[in-house]
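Q: Add chain E to chain V, keeping to what the hints say.
There are 2 protein chains.
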Amino acid sequence: MNKVYVVGIGPGGAEYLTEEARAAMERAEVLVGYTVYIKLVSPLFPEKETYTTPMKQEVDRCRWALETAQDGRTVALVCSGDAGVYGMAGLVLELAEGYPQVDVEIVAGVTAALSGAAVLGAPLGHDFCVISLSDLLTPWEQIETRLRCAAEGDFAVCIYNPCSKKRVDTLQRACEILLEKKSPDTVCGWVKNIGREGQESRIVTLAQLPHEPLDMFTTVFVGAESTRICTGRMVTPRGYRKK
Amino acid sequence: MNKVYVVGIGPGGAEYLTEEARAAMERAEVLVGYTVYIKLVSPLFPEKETYTTPMKQEVDRCRWALETAQDGRTVALVCSGDAGVYGMAGLVLELAEGYPQVDVEIVAGVTAALSGAAVLGAPLGHDFCVISLSDLLTPWEQIETRLRCAAEGDFAVCIYNPCSKKRVDTLQRACEILLEKKSPDTVCGWVKNIGREGQESRIVTLAQLPHEPLDMFTTVFVGAESTRICTGRMVTPRGYRKK
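Chains as they are written, first to last, in the numbering used here: chain V, 1 to 243; chain E, 1 to 243.
One or more hints might be untrue.
Pairs involving identical chains hold if they fit within one copy or between any two copies, as the list cannot separate such chains.
Unchecked claim - For lysine to aspartate or glutamate, the following DMTMM-like pairs were computed, each having C-alpha atoms within a straight-line distance of at most 25 Å:
1. 181 to 154
2. 3 to 200
3. 166 to 144
4. 181 to 212
5. 48 to 215
6. 48 to 15
7. 165 to 58
To be clear, the hints were calculated from the coordinates, so they are not data collected in a lab.
Next comes chain V alone, as it looks inside the complex (with noise of 0.2 Å):
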């Protein structure tokens, strides 16, 4: 069979993969992915051949899998977070249209919009954007315009890469724009390394959040108007009890 699963993981270790991702795994000969997230999965397979590639490598390990797959054995490209969100679910398939015979599988998984959010409450309850701040792909000009675009909406937003070592004031600059619309009192959060040793997370203001120290492993939760504080969590309420 000629087969690629690209697979999400989740957060961190075995407990964030559902039943489907680690079928998926269980399956594959063997599994491709950048390193740190091989680390996380391969103990759950400790027979199974792996093949790590570095960060920024995204297109050989892409192409690897592909031309692995169309060798006759199956493949599991691993994602952190969800195959698709920000994974490598969309590049497989646009590269493999240079691949006809082998048949690519998106396995979903719970993205750090999703498990951070858990860690803060529910700051997530209602309609949200998730913007990611790296400029490396997208021109900072479009972030710009979505994020103002987030903040007219009132949406709640999830914030990815909102720093890295290279970009240390985007959050800083995000913060800005968000701030022409949104009150400096508006709730917001953080948490870092979700699911992994070393998860940290705390609740801020918009005006704190530029001084917080966040790193490339954090992701950034930014309330809409309605998002408050209810025992100690982060909630951005749906409305029922209006009702």
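A: Using the frame of chain V, we list chain E on its own:
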């Protein structure tokens, strides 16, 4: 222990449960939820006591869970998809202010935006919005504003509750708003009964979308400008190939 787990079970049966969700239900003495969702998980725990309530009894259901936990029993409140995304997590946390001894733990799950996306391909591979068209708890004007902002920001959009028996024209109205900014050729898709019996899906254009035979069990995906069809699937590229 006075504990309520609010558990997202994913789209359907056991296949989509995370290990964490299964363990939380295992630890609970009683499973509470909307009748349909309890039916999906109770075969996994045939010995477990269950308490089901009909739709629209959300406040009663959450209060029952908190009261039962206050009386000393461990409760798992079961939600379809994720516990937080249009789920019960927020409401439980709001009501928990009246039950200070009860500890509430939120267990994330695969929401329809992710499980539906995996069926279609990778429609949410870049920044996206999630919007519910249900005006039961949200004024329609706010829904319109959010649709407008989502289109203005060129987000991919995932639409929950596109219509119901009573709301026959909401998707039509939503499409009209999206068409103010988005091209009628925008790649769209829908998935019905995700992960359940009778799963169906189709990729269409934004112009065709309002004429599709959708229902309240359908999740709809509207592409961004960059969204296209690759090997028959709906893909919103992140941009790796352009690098």
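Q: Could you work out which earlier hints the structure fails to respect and list their numbers in ascending sequence?
A: 5
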